[in-house]
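Engineer: Line order of the protein sequences matches chains V and U.
Heads up: the first sequence runs through residues 1 to 112, numbered per my numbering.
Heads up: the second sequence runs through residues 1 to 113, numbered per my numbering.
Note that these hints are calculated values from the structure, not bench results.
The following label-pair restraints were derived from C-beta to C-beta distances: (1) F60(U) <-> T52(V): 30 to 36 Å; (2) F60(U) <-> S41(V): 20 to 26 Å; (3) N30(U) <-> N23(V): 32 to 38 Å; (4) Y32(V) <-> T9(U): 28 to 34 Å; (5) R77(V) <-> P70(U): 42 to 48 Å; (6) I12(U) <-> K3(V): 32 to 38 Å; (7) T52(V) <-> N30(U): 26 to 32 Å.
What the simulated footprint calls covered on chain V by chain U, stretch by stretch (three residues with Cβ under 8 Å from a Cβ of chain U suffice, anywhere in the stretch; the number is not a length): (8) 40-46; (9) 100-108.
Glycine included, each C-beta is placed from N, C-alpha and C at the ideal position.
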Amino acid sequence: DAKTTQPNSMESNEEEPVHLPCNHSTISGTDYIHWYRQLPSQGPEYVIHGLTSNVNNRMASLAIAEDRKSSTLILHRATLRDAAVYYCILRDPRGSQGNLIFGKGTKLSVKP
Amino acid sequence: ETGVTQSPTHLIKTRGQQVTLRCSSQSGHNTVSWYQQALGQGPQFIFQYYREEENGRGNFPPRFSGLQFPNYSSELNVNALELDDSALYLCASSPGVAGGEQYFGPGTRLTVT
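Start from the sequences and build out the full structure, keeping to the hints where you can.
Structural biologist: This is the structure:
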């Protein structure tokens, strides 16, 4: 699985949008971009994933660059509950092992 | 639908002892993966079980071993505990081995003294 680069930390104000960046310049054509988040004292939680097109779900939106070398997780209105560590992970579904390779992620703080 | 559960929640052991951690997978999921998360780090893959067979292993020594049962629940066993084994141990289940979403339990906090 290719490597991703994320900022160590970011801050946001409550009810404002948050854009969490991820660089993955060595992404292969078959890698999907996955995002997980980990709230304090909990296990990681799936957020969203995509391949080429932008994706939306009830939690967030995923914007993928045209060259796929970077992506951005968008939280449209941050709440205090969104304070967590966000992990950007590349996964090739052809792989026989389904393990996730986590980096250090981005710690998001949300101010009231 | 019951999510992934793990037991115990917390555990304190002495160096050299052995420990067994347990995980019940989400209903309908036949694959369980185990991760170790040291303080301030992202989770690190230990191994994965698919239909009761080991289906991949990370960079962990043989004293880390596991089992998966016919109901797809799983155990992680660690022998000869070392101080560096102190960590949060996470279990994740999924409906298959490749590419899909993984559902994590809350973890077991292991402290080795």
